[in-house]
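Here's the letter readout for the chains.
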Amino acid sequence: MSSDTDGSGRPLAIEAEGLVKRYGAKVAVDGLSLRVEVGEVLGILGTNGAGKTTTVEMIAGLRRPDRGSVRLLGLDPRRDRARLRQVLGVQLQQAYLHGALTVAELLDLYRSFYPDPRPAAELLDLVGLEEQRRVRFEKLSGGQQQRVSIALAMVGRPRVVILDELTTGLDPLARRRMWTTVERLRAEGVTIVLVSHAMEEVERLCDRVALLDGGHLVAVGTPGELTARAGADTLDDAFVALTGKQLEAAG
Amino acid sequence: MSTTATQVTAHRPGPRAWLTLVVCETKMVARDTAGLVVPLGLPLLILLTSAQAAGDQEVVAGFSALEAYVLPLVLTMVIATIGVINMPSFLAYYRRSGILRRLAVTPASPAMVLVAQVIVSVLQTVLGLALALTVAFLGFGASPPAHIGTAIGVYVLAMAAMYAVGMIVAAVAPTPNSAVAIGLVGFFALGALGGMFGGPGSLPEPLAELGERLPFGAAVQALAAAWVGVPVEAAHLVGLGVTVVVGSVTAGLLFRWD
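Sequence lines, in order, name chains A and B. Count the first sequence with this note's numbering and you get residues 1 to 251, in order. Count the second sequence with this note's numbering and you get residues 1001 to 1258, in order.
Careful: at least some of the hints might be erroneous.
[Said to hold, decoys possible] One side of the interface only, derived from the structure: several residues of chain A facing chain B at Cβ under 7 Å:
(1) A82
(2) P115
(3) P119
[What the hints assert, rightly or not] One side only, chain A facing chain B, incomplete, derived with CB under 10 Å:
(4) G39
(5) L73
(6) R83
(7) A95
(8) G99
(9) T102
(10) D108
(11) L109
(12) Y114
(13) L152
(14) V155
(15) G156
No lab work stands behind these hints, which were simulated from the structure alone. Source: prediction; values computed, not measured. Note that CB positions come from ideal geometry on N, CA and C, so glycine has one too.
With the hints as constraints, model all of the structure from the sequences given.
Pasting the structure below:
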């Protein structure tokens, strides 16, 4: 079936076709199509309001597109909800967790939802929170809370992971640690969609990059292709050349 | 159908997930000290301050004002504080903070949290009930209800009515703080009209009539009737039943998961 592979016969993990989402009069995403191969790490870059989060939330089945369709490993995110949840891990922007529970209790809670969860010790090691395992979520720093959220995206051994603002708010050490985590997942063959503000992160981790602006897909390609297409020296300059906008510095 | 899709099988969270969730919700409630103290402490305080005097006033043969008025009031306060104030504030907090949204991308559904909260609320109610009854029976020599089955039935119905009111609060409150505020105002309004600050005789006639049909007053009256062994008035049961229906329908229409 056509939805299983791209033109060259490689299997597709995500296939989004003609996605449109409006909030009142504002068009957040305007006819966006995107394909992600199995095992690929795709970066989504764009300024605030470019439609990045809305796009990944439609892919994850959290928002219903006004038009267009999504297939994730051949599943419809809304119709095949129950099956999709088994294979998809999501780290949401600004999603808080049960504040009075400790890190270990939260991991156990989310582990109980899946048939074959990753061991808690492995998750703690993945995000470097072994020492905070008995600390309540509400007592953690913002960066540590973010790392719990990332660990929870990995709990169910997902085949596709969506990370919205992976390293925003993390200190440089934690950021590098997250990059190693993403590389480990990629080595396991996990497909990853990474929403980011940070060029360095995207250049290091992503096989391909999708540039979004005003709800449109402006360009998609490897970092090298995009740089060459824009006749620029860096991905940063390529972004400015292709969208006419300056990407704000990573938070 | 594609091969990748057919390899995936749906897996509903099983009994272990339910147990873990209920334990986690219990920890959340137990670690919220203020939320725990009000439903257990406030009714007990009323009981301790008024039981002695009430126990000396015989109202019906064999029953004093302790059974005919104070205990029904105190036990109704337990379910009203839990149902109308505590439960909606937890749900509003879960919604506002994104916890329900986060659960929506796992195999668990946000509705599981709702059910778990109700289970924990019932456990909390049983604790409050046991505490108040122990003090009343052992400390003040209160008599058990004449119609114990009716009393239990009325109490369960009243509990459902209080949760229904709480679900309306959770549905209309935009923020956790407003949920607490609306819950508190709702609790005191229903309580005042239902005789929480002195018997129904202290209210003007039309207000007392109204209050008796609202869930707090209806629960107190129906529970009192079952306790002293007189028939429960239909109007009180209808008041509770209507609250359950109106609350469920309103919440069903208005409740937002995010």
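Hint check:
Hint on A82/A holds. Least Cβ distance to chain B is approximately 4 Å, under the 7 Å limit. Nearest Cβ of chain B to the Cβ of P115/A: about 5 Å, under the 7 Å cut. The hint holds. At a threshold of 7 Å, the smallest CB-CB gap from P119/A to chain B is about 15 Å, leaving the interface hint violated. The interface hint given for G39/A is broken, as the beta carbon of that residue sits about 12 Å from the closest beta carbon of chain B, more than 10 Å.
Taking 10 Å as the C-beta cut-off, the interface hint given for L73/A holds, the closest approach to chain B being about 4 Å. Because the closest C-beta pair between R83/A and chain B is about 4 Å apart, less than 10 Å, the hint holds. A cut of 10 Å between beta carbons decides the hint on A95/A: the least distance to chain B is about 4 Å, and the hint holds. Restraint check, G99/A versus chain B: the minimum CB separation of about 8 Å is within 10 Å; hint holds.
Contact between T102/A and chain B, as hinted, is supported at the beta carbon level, the nearest pair being about 9 Å apart and thus within 10 Å. Because the smallest distance between the Cβ of D108/A and any Cβ of chain B comes to about 6 Å, under 10 Å, the interface hint for this residue holds. Among the interface hints, the one on L109/A holds; its C-beta lies about 5 Å from the nearest C-beta in chain B, closer than the 10 Å criterion. Of the supplied interface hints, the one on Y114/A holds, with its beta-carbon coming within about 6 Å of a beta-carbon of chain B, less than 10 Å.
Interface restraint check: L152/A against chain B, minimum CB-CB distance 8 Å, threshold 10 Å, status holds. Hint status for V155/A relative to chain B: holds, with the closest Cβ pair at about 8 Å, below 10 Å. With a cut of 10 Å, the hint placing G156/A at the interface with chain B holds, because the nearest CB-to-CB distance is about 7 Å.
Consistency with the previously given hints fails for numbers 3, 4, ordered from lowest to highest.
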